[in-house]
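**Student:** Now for the letters of each chain:
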Amino acid sequence: EVQLVESGGDLVQPGGSLKLSCAASGFTFSSYWMYWVRQAPGKGLVWVSRINRDGSTTTHADSVKGRFTISRDNAKNTLYLQMNSLRAEDTAVYYCARDSYTAPDYWGQGTLVTVSS
Amino acid sequence: DVVMTQSPLSLPVTLGQPASISCRSSQSLVYSDGNTYLSWFQQRPGQSPRRLIYKVSNRDSGVPDRFSGSGSGTDFTLKISRVEAEDVGVYYCMQGTQWPPFTFGQGTKLEIK
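Sequences listed follow chains P and U, in order.
With the first letter of the first sequence counted as 1, position 21 gets the number 24 in our numbering; the numbers rise by one all the way through.
With the first letter of the second sequence counted as 1, position 79 gets the number 80 in our numbering; the numbers rise by one all the way through.
Keep in mind that the hints were calculated from the coordinates and are not lab data.
Where is the CB? At the ideal position from N, CA and C, for every residue including glycine.
Don't take every hint at face value.
[Claimed, not checked] Derived list of chain P stretches under chain U, where covered just means 3 residues or more per stretch with a C-beta under 8 Å from a C-beta of chain U:
id, stretch
1, 11-19
2, 78-92
3, 113-119
[What the hints assert, rightly or not] Using 25 Å as the maximum straight-line C-alpha spacing, the simulated SDA-like pairs for lysine to any residue come out as follows:
id, chain 1, residue 1, chain 2, residue 2
4, P, Lys46, U, Tyr32
5, U, Lys56, U, Ser69
6, U, Lys114, P, Ser103
7, U, Lys56, P, Pro17
8, P, Lys46, U, Lys114
9, P, Lys46, U, Gly35
10, P, Lys46, U, Thr6
11, U, Lys80, P, Ser103
12, U, Lys80, P, Gly47
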């Protein structure tokens with residue numbers, strides 16, 4: 004069974020940093036591209052980042068470029084999102100998701116990031 | 002960026018009746034490999050999103066056959082042949098053809114009348 008379990012969400016002050024993790028199991032992690040997608044409270048889905056199988060190619064939304072970094076450790080079956088210079092508008096549930104046919108197929112349960120003083 | 006526009010944004014449906022959601026893209030979603038990377042997602046209240054359809058019309062494993070996707074180019078449709086109570090939630094389309102960025106529609110909230 005495919006499982007994606009996010010962790011690391013927390014309350015952080017504006018300008019602060021946070022690192023999210025996503026533990027993957029039930030599939031060959033190193034064979035899949037992966038995503039981070041976020042959802043602000045009561046709002047829709049927004050793509051954040053995508054990474055290829057070996058971590059050599061990453062893409063980020065303009066809204067987070069230069070502040071967020073997606074990475075992965077295939078030996079640990081774990082996806083990461085390093086978030087720096089956090090802003091109030093980054094407040095959201097962050098989902099990690101597996102890629103299939105250039106779209107997320109399996110999603111985690113999400114982890115809540117709240118940016119507030 | 003490709004803008005995805007869904008309609009309606011709110012969809013009250015009687016149990017057992019059909020439902021249809023439209024998704025239009027600002028640019029063609031046909032990729033150079035001939036595929037069209039348009040997907041549909043369901044998000045039930047309090048749950049994570051779940052993919053229903055990929056590449057316009059391919060149902061994901063475990064998705065009931067009352068869900069179907071169709072369309073081409075810039076116009077796409079998700080149809081539910083007979084709405085059941087468990088179908089309540091928000092439905093999103095998403096394009097994966099012209100990225101970055103990957104873009105989602107605004108969401109369509111389906112409720113039971």
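**Student:** Looking back at the hints listed earlier, which ones does the structure fail to meet?
**Tutor:** 1, 2, 3, 4, 6, 7 and 9
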